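Novice: Each chain, written out:
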Amino acid sequence: MKWSEFFVTGEPLIYAADVAIVLTMVGIVFVLTYFKKWKWLWNEWLTTVDHKKIGVMYIICAVLMLFRGGVDALLMRAQLTAPNMKFLDAQHYNEIFTTHGTIMILFMAMPFIIGLMNIVVPLQIGARDVAFPYLNALSFWLFFFGALLFNISFVIGGSPDAGWTAYFPLASNEFSHGVGNNYYAVALQISGIGTLMTGINFLVTILKMRAPGMTLMRMPMFTWTILITCVLIIFAFPVLTVALALMTFDRLFDTQFFTMANGGMSMLWANLFWIWGHPEVYIVILPAFGIFSEVVSTFAGKRLFGYKAMVGSIVGIAFLSFIVWVHHFFTMGAGPAVNSAFSITTMAIAIPTGVKIFNWLFTLRKGKIRFTTAMLWSLAFIPNFVIGGVTGVMLAMAAADYQYHNSYFLIAHFHYVLIAGTVFACFAGLHYWYPKMFGHILNERLGKWTFWLFMIGFNICFFPMYFLGLMGMTRRMYTYSEGLGWTPLNVVATVGAALMGIGFIVLCYNIYYSARYGERDMTGDPWNGRTLEWATASPPVHYNFPVTPVVEDLDAYWVMKKKYGGFQVKEEDLKPIHMPSNSGRPFWMSVAFFVAGFGLVFKWFALAIVGALFIVLGLILRSFEDDDGYYIPIDEIKRMERAARKGA
Amino acid sequence: MGANGHHESFPWKHIIGFVLSLVLTFAALWVALSSGLPLKAVIVIIVVFAVIQASLQLFMFMHVNESDSGRIQTFNMAYSFFIAIVVVAGSIWVMQFVL
Chain A
1 MKWSEFFVTG EPLIYAADVA IVLTMVGIVF VLTYFKKWKW LWNEWLTTVD
51 HKKIGVMYII CAVLMLFRGG VDALLMRAQL TAPNMKFLDA QHYNEIFTTH
101 GTIMILFMAM PFIIGLMNIV VPLQIGARDV AFPYLNALSF WLFFFGALLF
151 NISFVIGGSP DAGWTAYFPL ASNEFSHGVG NNYYAVALQI SGIGTLMTGI
201 NFLVTILKMR APGMTLMRMP MFTWTILITC VLIIFAFPVL TVALALMTFD
251 RLFDTQFFTM ANGGMSMLWA NLFWIWGHPE VYIVILPAFG IFSEVVSTFA
301 GKRLFGYKAM VGSIVGIAFL SFIVWVHHFF TMGAGPAVNS AFSITTMAIA
351 IPTGVKIFNW LFTLRKGKIR FTTAMLWSLA FIPNFVIGGV TGVMLAMAAA
401 DYQYHNSYFL IAHFHYVLIA GTVFACFAGL HYWYPKMFGH ILNERLGKWT
451 FWLFMIGFNI CFFPMYFLGL MGMTRRMYTY SEGLGWTPLN VVATVGAALM
501 GIGFIVLCYN IYYSARYGER DMTGDPWNGR TLEWATASPP VHYNFPVTPV
551 VEDLDAYWVM KKKYGGFQVK EEDLKPIHMP SNSGRPFWMS VAFFVAGFGL
601 VFKWFALAIV GALFIVLGLI LRSFEDDDGY YIPIDEIKRM ERAARKGA
Chain B
1 MGANGHHESF PWKHIIGFVL SLVLTFAALW VALSSGLPLK AVIVIIVVFA
51 VIQASLQLFM FMHVNESDSG RIQTFNMAYS FFIAIVVVAG SIWVMQFVL
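These protein sequence lines map, in sequence, to chains A and B.
Using full-length UniProt numbering, read the first sequence as starting at 1 and increasing by one per residue.
Using full-length UniProt numbering, read the second sequence as starting at 1 and increasing by one per residue.
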């Protein structure tokens, strides 16, 4: 690595980004100093172990990453609008589709889902926090600094450019010289450790911390999907950890695990990547199913249809998700026996998914439907996701896949499942739980504008891609010639992408507008909800429930409202509440991970060792720490409850 | 903490498990690098060492025999073995054509 190559040079877009980054940083420092908010930032946010605040930070990062990934997407659409465009060169285009994919899956979809589950799951099961609050903070900061490390690559050292799948041999030292793919290996490793710990944390939380009376079969559907998602995380992420470690060895120390020579197996990377990668897509889609279940049931005013079938199909999907991975590389040439087996298991996934679709439809049947923004996203999900699902079954046929493989047909398919599934769910969940997070409702009128712009734009953008794929346009090509006849559909797709971008801008404006003028939620239950999170104030006091609620049936809060007129708290039942202490260590340990990671990326091993020593120091300090948290006295609880219910 | 709910005065179990794990790891390293045995024998020996070490860790560190939620543990173990078989045997089967 030469010093002259340290900063990325030569692109006007990059220089503009440099200026924007410097200005933003100066702006943030100025605002924090001017309003004397540094102490507030440290005490209230950077050191917090409160699951709700951690969830909010996850979601803020996810929205920022949605912006970054979205800009990447718009740049790609701009380049592909017309044939022989000179807007981006081949190398820059490669970097942009790589970061778009990686960021959207790992740094947008994952943290959005994890943010929502942080905020909602402890509330839904009647708990005061997660099982391991300190670990939860560490998970967040590892994700944060992993994402930061990945994102600085485009101004320092150069971005990864081998696709979000980083297939070997392309991603090897032989074919990718720069530090870009080192960033990929190290940044994903750091945030992956965080995700793995989140999985363990929430599994324990859900299994061990449910309120009395909440048996497994009385859990809200969102909590069920998170439970199963955690199982998937715990079993799938170690495979990524190992694969990334081997990749790191290959790239930093010239080992030969995935190389072409010396007994390396380049396709073994693809194999390991997708053993993690396929469960990964269910890690982001199962919680989405949970969100839709909550929203549909609330706004249809009915108990979820076929609860047991719903649980069964989630478990079934989770089981099948581990035995389908080869469908991502049917064309590798593994032979008819292997391809047929994986073809059948893949198609089998359509069965439990179909069961769920019908359950949502039957929940809607004869319901008193309220067309709120959250409900619109959920209703639009069903037909859009079915289009993605059906084309998925087409791709699942190994023989036919030789035609579709890596064409725009595939691009259209997975955007239809990931956007109509996960992104729609994130927006539905954001609108639905927004009052619980911030105490005010997101403006419904602007919300519906976002919905229509984004949903119509999405279809205009991605539906033509099915046909572009059938016409022979392949994925990851940075330009095409005029005679191929792809121009009209590409123009249409770009128009759709622009509409989605406008929808996103309206969403951001809505967040600002609602914070200033939005309707405050004084009741804690703005949607006439059914589950326990609506029994708390909006936003909930940091200990969540003054006394632990007792659950009598599914839809616990609905039953409380019918039987007792709400969640009744008697003052004589109050007991001092035990809460965990804040800690700054998760933050600085994650900074140490970042420093160590940065050192590894550039092969500055002295720096990496210094970072690693601080990580070990953090572990040692934690091992000898004797902090059992603190108790909130009863008078303090009474005072806080009165303040929260007044909205003060 | 065990099923009877008291801490031992000194974590002997963990120390023994740790030392045995180290011994098995270095033994495997020695067998692979400097024993001079034929390749097949080396692979068989280190796999045996690995299995012994895995089960050692399950009992010494992960308390499989100390939980009162036996059914969940059994299910958990069964699922783990299923995933392990899928990943290892599945990969070998899938990658056979290049092996």
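No lab work stands behind these hints, which were simulated from the structure alone.
Please note: incorrect hints may appear among the correct ones.
Computed list of chain A residues with no C-beta within reach of chain B, every gap over 10 Å [to be verified]:
1. Met197
2. Leu207
3. Asn271
4. Leu272
5. Gly333
6. Ala334
7. Gly335
8. Val338
9. Asp573
10. Ser623
Taking CB as the label site, the calculated pair distances span [stated by the list, open to error]:
11. B:Gln57 with A:Gly367: 32 to 40 Å
12. A:Asn406 with B:Phe59: 43 to 51 Å
13. A:Asn528 with B:Ile52: 52 to 60 Å
14. A:Met394 with B:Phe81: 45 to 53 Å
15. B:Gln57 with A:Phe319: 20 to 28 Å
16. B:Phe61 with A:Trp45: 50 to 58 Å
17. B:Val23 with A:Pro633: 48 to 56 Å
18. B:Phe82 with A:Gly584: 39 to 47 Å
19. B:Phe61 with A:Met260: 37 to 45 Å
20. A:Glu572 with B:Ile52: 53 to 61 Å
21. B:Phe82 with A:Met394: 43 to 51 Å
In this text, all values refer to a predicted model and were calculated from it rather than measured experimentally.
Glycine residues also receive a C-beta, built at the ideal position from the N, C-alpha and C atoms.
Novice: If a hint holds in the structure, say so; if it doesn't, say that too.
Specialist: These are the hints, each one checked on the structure:
no. : hint                              : in the structure
1   : Met197                            : 17 Å, holds
2   : Leu207                            : 8 Å, violated
3   : Asn271                            : 6 Å, violated
4   : Leu272                            : 7 Å, violated
5   : Gly333                            : 6 Å, violated
6   : Ala334                            : 6 Å, violated
7   : Gly335                            : 6 Å, violated
8   : Val338                            : 6 Å, violated
9   : Asp573                            : 28 Å, holds
10  : Ser623                            : 13 Å, holds
11  : B:Gln57 with A:Gly367: 32 to 40 Å : 52 Å, violated
12  : A:Asn406 with B:Phe59: 43 to 51 Å : 47 Å, holds
13  : A:Asn528 with B:Ile52: 52 to 60 Å : 59 Å, holds
14  : A:Met394 with B:Phe81: 45 to 53 Å : 34 Å, violated
15  : B:Gln57 with A:Phe319: 20 to 28 Å : 26 Å, holds
16  : B:Phe61 with A:Trp45: 50 to 58 Å  : 35 Å, violated
17  : B:Val23 with A:Pro633: 48 to 56 Å : 53 Å, holds
18  : B:Phe82 with A:Gly584: 39 to 47 Å : 41 Å, holds
19  : B:Phe61 with A:Met260: 37 to 45 Å : 40 Å, holds
20  : A:Glu572 with B:Ile52: 53 to 61 Å : 58 Å, holds
21  : B:Phe82 with A:Met394: 43 to 51 Å : 29 Å, violated
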